[in-house]
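Numbering-wise, this note's numbering comes out as the position in the sequence shown, counting from 1, plus 2.
What the hints contain is simulated information worked out from the structure, not anything from laboratory work. Be aware that one or more of the hints could be misleading.
Stated by the list, open to error - Restricting the straight-line Cα-Cα distance to at most 30 angstroms, the calculated cross-link-like pairs of lysine-lysine (DSS-like) are:
{"id": "1", "residue 1": "Lys233", "residue 2": "Lys354"}
{"id": "2", "residue 1": "Lys240", "residue 2": "Lys354"}
{"id": "3", "residue 1": "Lys247", "residue 2": "Lys346"}
{"id": "4", "residue 1": "Lys147", "residue 2": "Lys280"}
{"id": "5", "residue 1": "Lys247", "residue 2": "Lys354"}
Just so we're clear, the structure is a prediction, and the values are computed from it rather than from any experiment.
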Amino acid sequence: MGAKNNNNSDDTPSIVPKWIEARLFEGALKVVESEFKEIVDFKAKGALAPGENYCTIMLKADFIIKLKDESTKPLSFMLKVGHDTDLFREMMEGHNIFGAETGMYREVVPELEKIYSDAGVNVKFGAKSYTLATDQSYILLENLKEKGFRNANRLDGLDMEHTKCVLEKMAQWHAASAVRAASKGMYSDLYSEGYIRPKSFDLIKGMYESSEKIFLECVKEYSNSDLYYGKVVEMYQKVAVEMFKTADTKHDSEFSVLNHGDAWVNNIMFCHDEETGKILETYFVDYQIPRYASPAQDLWYFILSSAQYEIKLQQFDFLVAFYHQHLEKNLKLLKYPNKIPSLKDLHLMLYKDGIWAFSTVTGVMSAVLCDPNENASLDNFMGESDAGAAFKRQMYSNPRYRKHMEAILPWLLYRGLLDY
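Take these sequences, add in the hints, and give me the full structure.
Here is the structure:
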């Protein structure tokens, strides 16, 4: 019996590319199920609502397969594909996110997991990846939800327990990546630069320029804006330049790690014990913009974008110390041959690369805290259309984001992180 193809679900007919067909998955299905005989039914549909993912399209590929004993069973994969837009193609010219993420899943993640297994410790960093019989750009992953993994609510943010689990896993990742670099040398440009490369500068600078007027109008209305507005105006006009200056870091003289690069709440999944609610495992997803640099990038990005309002500032120094404790422990476990950074060293890195604090709260955090919105798209986030302008005004003026910013901007001001 031939497979029934339905690669355009009723609810999201336009986002599933026409090239996606059931037959392309046969090799992956054979890897997952050794008793696989044939595909009975197939459907691909959008997996995420608008505002839950920006850079790419995430699809869920559902199958009913027949086994060799003639019984049937359901299986599913998560499939990431690109947007069919000029903006996405421009982004790909600056940084090939599919090439980077494919290599991360097939080469880097297994390599870092092996570093731990060689040290006698079982550590996993994410989902298994599979291949399709196509030349198209894609990422095919196991569906972690079938193993009990779930995302947290991005609007609520992560509580202390979940935040600590992420920082512990981040420290494991960073430690292994530093050990690997020390033993094998620099990562390839595909992994080491992320989007902080010359080809991407105009795109990133343009993103800030397209948002500047609306962002500053909204900030001026914040209740305590008289404290910091002038500094924010100056910072916003130079943030792209300052971000790209961090590319000049000399990695041979400063402690560097392979940053995840996009560690916000929707790119982290948790598995809990069904009875106790205890967190059993934490995985990262979306390894598409890794960058070999100071760990300050991931720390600023994750804590400010994704921790709950009640802890991201009040417990910031504790969270940094907690991360450092686990970084040091894992570097020692893996016999890192160079000087292990002290907690003081780490704080100095956070100050030196503090531009990632400002870029995080003016960038990804505005999307994280935005209410679900049909206009939440990559083009509207980065573009200059009327719909984009309306979306940005909604992001920067919504009460949730405003509450966070009215606390964060004075905090950055008094730490000297609005001075560049």
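Going down the list of hints, with the structure as the test:
1. Lys233 - Lys354: holds, 18 angstroms
2. Lys240 - Lys354: Holds. Lysine 240 to lysine 354 sits at ~16 angstroms (cutoff 30 angstroms).
3. Lys247 - Lys346: holds, 23 angstroms
4. Lys147 - Lys280: holds, 17 angstroms
5. Lys247 - Lys354: holds, 11 angstroms
The structure meets every hint from the earlier list without exception.
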